[in-house]
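Trainee: Sequence:
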Amino acid sequence: MAVAIRGARGGGSGGVGAGFRSFFSYRIFVSAMFSLLFIATATVLLTTRPSTTHRHSRFRSGGNAYMHRTFVALNSDPLKTRLDLIYRQANDHITLVKAYAAYARKLKLDISRQLKMFDDLAKNFSDITSKPRYKSSLFETDGNLDEDVLRQFEKEVKDRVKFARLLIAESKENYDNQLKIQKLKDTIFAVRELLGKAKKNGAFASSIAAKSIPKSLHCLAMRLVEERISHPEKYKEDLPKSEFEDPDLYHYAIFSDNVIAVSVVVRSVVKNAEEPWKHVFHVVTDRMNLAAMKVWFKMRPVEGGAHVEVRALEDYKFMNSAYVPVLRQIESAKQRFYLEHKMENATKDGSNMKFRYLEHMSMLNHLRFYLPEMYPKLHKILFLDDDVVVQKDLTGLWKIDLSGKVNGAVETCFGSFHRFSQYLNFSHPLIRERFNPKACAWAYGMNIFDLDAWRRKKCTETYHNWQNLNVDRALWKSGTLPPGLITFYSLTKSLDKSWHVLGLGYNPSISMDVINNAAVIHYNGNMKPWLDIAMNQYKNLWTKYVDNDMEFLQTCNFGV
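Position 49 of the sequence shown, counting from 1, maps to 49 under the UniProt record's numbering, and the rest follow consecutively.
No lab work stands behind these hints, which were simulated from the structure alone.
One should not assume that every hint holds.
[Stated by the list, open to error] Lysine-lysine pairs mimicking DSSO-like chemistry, simulated, CA-CA at most 30 Å apart:
1. Lys457 / Lys405
2. Lys438 / Lys457
3. Lys317 / Lys298
4. Lys241 / Lys392
5. Lys458 / Lys377
Could you put together the complete structure from these sequences and hints?
Mentor: Shown next as structure tokens:
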């Protein structure tokens, strides 16, 4: 029994020992195999050297053998790793430069300076390795690299890289469409701002030049008044002539404070009239210029027997604030304006509407709405602005049948321009309900008025009603054309455009054929012909009617 038990123990102990021995033998075998495999691999890697020909091809072909170079670098010269990095940097910039050059060719910039620089730069990069010194010392040697030669090679490559980066940075905006678009937008915005400021400043300067009295014109008025004071006996008041109220003659109304301008209008009419003795001119000015105006026509009588009546605005007693809405508004506006706004602040901005409103509310401007009361015995009268020149006989205007209408005028609309909508506030219900925004506007400056039809239609009352409604300027802003469009709405007869050509005071591109064919040319705008800012191509059409024999014109250096 005892023997059996020992035998059993002895047999179990021998089996366990055999298992341990088998396990340790297997581990030793696996370790040996891995060791042999590692030694073999390391031997192959450490004993293999890349050829100079393969290294040179890397520069041309890019990173095709990147993994191979990495393993080789473990046992290579450190300078060779540095050389490899220089290769890759140069290769990257060659690719970039060639890409920009290709895009330049696509944009048809072959003759441009930049394209030539791109091509030259790419060639210089590629030609570096062909230099004998670098080829023998860096690319065709099996030994260690010369550090001085490598340093020189690196310097040349970096110089070219730096130049390539500068060139690309300079040229990038030419090839980056988004950048070009944004830059163009910024430029357009900046130019628009400058243009807006220039237009505003130009309009303001032009307005000042147009509204100011030239030194020569002021001198002329002073000389004429001086003449009146020095020789009062020559300038006694004449009795009214019967011709001033003769309805069978051709009557003109001219309202102005500009002596030389009025003289040119009268002279141009008479020079072109077939029967000048049948023409009567009614000149109305303000009290300040009345003496100068009278002396002029006394010293320089109108040729051909034409008649001139010179009167002051104040001579018409019905022109008072009790009857005339504009006079009430002028007085009220002046009080508000000078109390609430200092003049120096108002003149800083040419767009100040209150300042411009007072300018346009001059009673000489609004006197045109009272023609039937000023000349009660006349049937027709031709209204002329002081900035017109007459080139043909105008008696044909009196023969035109106005078909019961009050005003004969030349229409100025074309396309969407110069329609009622540009002069009146159609957001206001009073305007919107009574007028057509697309109705064609017409021009003041040469208008034949049927005074009998005016009286029948009660046009002055219509003007008063609308002027009273516009006390707050809610219907129109300023000027005499908007109330004229309202007053004579559906009462205006359109005349042939050759009767009245406008724009010589602002438009430099009017055809000379159109001008020469016109009966009346109008220098409306700021560039009046008696100012230095007048357009030269039109100025001689006005100056040829200036009476250069008038002694005071030479004395005052009137530049005509």
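Trainee: Now tell me, hint by hint, if it's right for this structure.
Mentor: Hint check results:
Simply put, Lys457 and Lys405 have alpha-carbon atoms about 9 Å apart, close enough for the 30 Å limit, and the pair holds. At roughly 24 Å between alpha-carbon atoms, Lys438 and Lys457 fall within 30 Å of each other, so this suggested pair holds. For the hint pairing Lys317 with Lys298, the CA-to-CA distance comes to about 26 Å; that is within 30 Å, so the pair holds. At roughly 26 Å between alpha-carbon atoms, Lys241 and Lys392 fall within 30 Å of each other, so this suggested pair holds.
Of the supplied pair hints, the one linking Lys458 and Lys377 holds, its CA atoms being roughly 16 Å apart against a limit of 30 Å.
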